[in-house]
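Asks: Sequence:
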Amino acid sequence: MTKPGRPLGLSLAIILSVGLYVVLPMFQLVVQVGLQERISRIDSPIEVHGQELTAGASGGSFVLVGEAELVVQTIAAGVFLVIAILAWRGHPRGIRATFTTVVLLYAGVTAFVTARTLLARSDLNAGISSADELVRQLLCGVLVTTVLIPLYVVWYINRAPARAFYRGTYAVEEKAR
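According to the numbering used here, the sequence shown is numbered sequentially starting from 46.
Note that these hints are calculated values from the structure, not bench results. Glycine included, C-beta positions come from ideal geometry on N, C-alpha and C. Mixed in with the good hints there might be a few duds.
[Stated by the list, open to error] Distance windows between CB atoms, simulated:
id : residue 1 : residue 2 : range
1  : R181      : P52       : 33 to 43 Å
2  : L193      : E92       : 28 to 38 Å
3  : W200      : E178      : 31 to 41 Å
4  : E82       : V117      : 14 to 24 Å
5  : C185      : G95       : 46 to 56 Å
6  : R181      : V124      : 21 to 31 Å
Please work from the sequences and hints to get the whole structure.
Replies: Okay, structure coming up:
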């Protein structure tokens, strides 16, 4: 018999996990770094009686992402992407267990960081905005997604079609030998 193909459910599990652990974090970093860069370059001169004056509050320091966080998140996304590509191909032999372990590890870290942010008290010195509740709702969505996608990945990667794909043969073939 031929080698089993990659099941659709396994493809979906890998794509969803790449979206959650590579695309979403990198998108957040790009937006935050872009916003940080844009705000630090603000230069808004004021025109008074035909004379251009520099605004007293132009530019500024708007640090959303520290250098360490930027490096760690980029490396983590890169490592996960490499593991996901190997899981997509089905090689090397232990990639099924590696992929499952890494998905669970990333899920635990993401859930911890998200829950910590959700449970943190608001800093009244930073001010209160109408976006605070929106951010809370988005974090709740991230937390639910962080739980559901790894559950699906672990469930599907342990099903018979996925096991056959990673093993390279159907279980019935092995018993016949």
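Asks: Does each hint fit the structure? Answer for all of them.
Replies: A quick look at each hint next to the structure:
no.	hint	in the structure
1	R181 with P52: 33 to 43 Å	holds, 37 Å
2	L193 with E92: 28 to 38 Å	violated, 54 Å
3	W200 with E178: 31 to 41 Å	holds, 33 Å
4	E82 with V117: 14 to 24 Å	holds, 20 Å
5	C185 with G95: 46 to 56 Å	holds, 53 Å
6	R181 with V124: 21 to 31 Å	holds, 30 Å
Checked against the numbered hints above, the structure breaks only hint 2 and satisfies the rest.
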